[in-house]
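Following the hints, complete the assembly by docking chain C onto the known chain L.
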Amino acid sequence: MNDDDRVFKALADPTRRFLLDQLYERDGRTLTQLESGLEMTRFGVMKHLRVLEDAGVVVTRREGREKLHFLNPVPIRLIHDRWIDKYTERRVSALAELKAQLEEEMA
Amino acid sequence: MRTTETSVATQVYRVYIKATPQAIWDAITTPEWTVRYGFGGRAEYELRPGGLYRVPTTEDMKRAGAKMGLSVPDVMVDGEVIEVDPPRRLVQTFRMLMDEATAAEGFTRLTWEIDELPGGVSKLTVVHELEGKPQLAALSAGERESEGAGGGWSYVLSDLKTLLETGSSMAPSTGPDHR
Chain L
1 MNDDDRVFKA LADPTRRFLL DQLYERDGRT LTQLESGLEM TRFGVMKHLR
51 VLEDAGVVVT RREGREKLHF LNPVPIRLIH DRWIDKYTER RVSALAELKA
101 QLEEEMA
Chain C
1 MRTTETSVAT QVYRVYIKAT PQAIWDAITT PEWTVRYGFG GRAEYELRPG
51 GLYRVPTTED MKRAGAKMGL SVPDVMVDGE VIEVDPPRRL VQTFRMLMDE
101 ATAAEGFTRL TWEIDELPGG VSKLTVVHEL EGKPQLAALS AGERESEGAG
151 GGWSYVLSDL KTLLETGSSM APSTGPDHR
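Protein chains in written order, with my numbering: chain L, 1 to 107; chain C, 1 to 179.
Some hints could be false.
Simulated restraints, written as ranges between beta carbons of each label pair [to be verified]:
{"#": "1", "chain 1": "C", "residue 1": "86", "chain 2": "L", "residue 2": "46", "range": "34 to 44 Å"}
{"#": "2", "chain 1": "C", "residue 1": "22", "chain 2": "L", "residue 2": "104", "range": "50 to 60 Å"}
{"#": "3", "chain 1": "L", "residue 1": "13", "chain 2": "C", "residue 2": "70", "range": "39 to 49 Å"}
{"#": "4", "chain 1": "L", "residue 1": "103", "chain 2": "C", "residue 2": "86", "range": "50 to 60 Å"}
Residues of chain L placed beyond 10 Å of chain C at every Cβ, according to the derived structure [what the hints assert, rightly or not]:
{"#": "5", "residue": "17"}
{"#": "6", "residue": "33"}
{"#": "7", "residue": "41"}
{"#": "8", "residue": "42"}
{"#": "9", "residue": "47"}
{"#": "10", "residue": "67"}
{"#": "11", "residue": "74"}
{"#": "12", "residue": "95"}
{"#": "13", "residue": "98"}
{"#": "14", "residue": "105"}
Read the hints as simulated data drawn from the structure, not as lab findings.
Note that beta-carbon positions come from the ideal geometry of N, C-alpha and C, so glycine has one too.
So that you can see chain L by itself, here it is in the shape it has in the complex (with noise of 0.2 Å):
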């Protein structure tokens, strides 16, 4: 698997996606903070954990006994500038053009 592959695996979850959700919300979390969210025992979300971690989604640091979870976006915008942007400028452009169109037409 490469690095996108990875990031995309990551993604394909709804667990991980909620994780990392939490994570936007508030950074730096502990284990346990990040449990307290989710009805899953502890093991399954330190394994949902490493598939982000091992993504780049996610990254640790130890600060004093604890060991923190922090969001790290810069994969995402990797694919972002590499598949999204490439293929959805235009189109995404001209669709917001015709929404803006037809609210005004509407209005």
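Coordinates of chain C only, in the frame set by chain L:
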């Protein structure tokens, strides 16, 4: 949005780059390199503890600022070098002077760590301590990109990776004030 009081703390960014630690170190600390990626400012570092750090405002930054209704000062960012261990670790303070709100937040602590991995790959980690600095935290996280303030550290570090790996930075369309 990560802008409530309790949610604004440290931000950590990491990128793997196919380059030597020395190449990455040079790209961070020498103006000849810093003009080629990210916001394109000439970073001036006095690489010793207590040394000065500053980034004079470029014409592009002035234009971007004007679009946001700001008259930006001649120096965009300043700070002080705290720890220098080339090409592995650089600790500095960092103050954004773009507008009054960010300038008033004062200095933050910024740590650059470079680790060499097997296979000619290095790991660059940027730790920005932003406790109690919601304005700069929003900028660093790229939350004001749509206003023209740029995509924060994600943008800068992706661009740095692209530059070091391909020899040229990303298409200008992805940069600030070029969309």
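Hints and how they fare:
1. About 37 Å separates the C-beta atoms of residue 86(C) and residue 46(L), a value consistent with the hinted range of 34 to 44 Å.
2. Remark: the range hint 50 to 60 Å for residue 22(C) to residue 104(L) is upheld by a beta-carbon distance near 56 Å.
3. Between residue 13(L) and residue 70(C) the CB atoms are about 42 Å apart, so this pair conforms to the stated range of 39 to 49 Å.
4. The hinted range of 50 to 60 Å is satisfied by residue 103(L) and residue 86(C), whose Cβ atoms lie roughly 56 Å apart.
5. With 10 Å as the threshold on Cβ separation, the claim that residue 17(L) sits away from chain C holds: the shortest Cβ distance comes to roughly 17 Å.
6. Consistency note on residue 33(L): stated as away from chain C, and its beta-carbon is indeed over 10 Å from all of that chain's, at 12 Å minimum.
7. For residue 41(L), the shortest C-beta to C-beta distance to chain C comes to about 27 Å, beyond the 10 Å cut-off, and the non-interface label holds.
8. Annotated as non-interface, residue 42(L) keeps its C-beta farther than 10 Å from every C-beta of chain C; the closest such distance is 23 Å.
9. Here residue 47(L) stays apart from chain C, with its beta-carbon at least about 21 Å from theirs, past the 10 Å limit.
10. The beta carbon of residue 67(L) is kept farther than 10 Å from every beta carbon of chain C, the shortest such distance being approximately 13 Å.
11. A beta-carbon of chain C comes within 10 Å of the beta-carbon of residue 74(L); the shortest separation is about 5 Å.
12. Look at residue 95(L): its CB is around 17 Å from the nearest CB on chain C, clear of 10 Å, so calling it non-interface holds up.
13. For residue 98(L), the requirement that its beta carbon stay farther than 10 Å from each beta carbon of chain C is met, with the minimum near 20 Å.
14. Interface exclusion of residue 105(L) from chain C stands, the closest Cβ pair being 25 Å apart, more than 10 Å.
When held up to the earlier numbered hints, the structure conflicts with hint 11 and nothing else.
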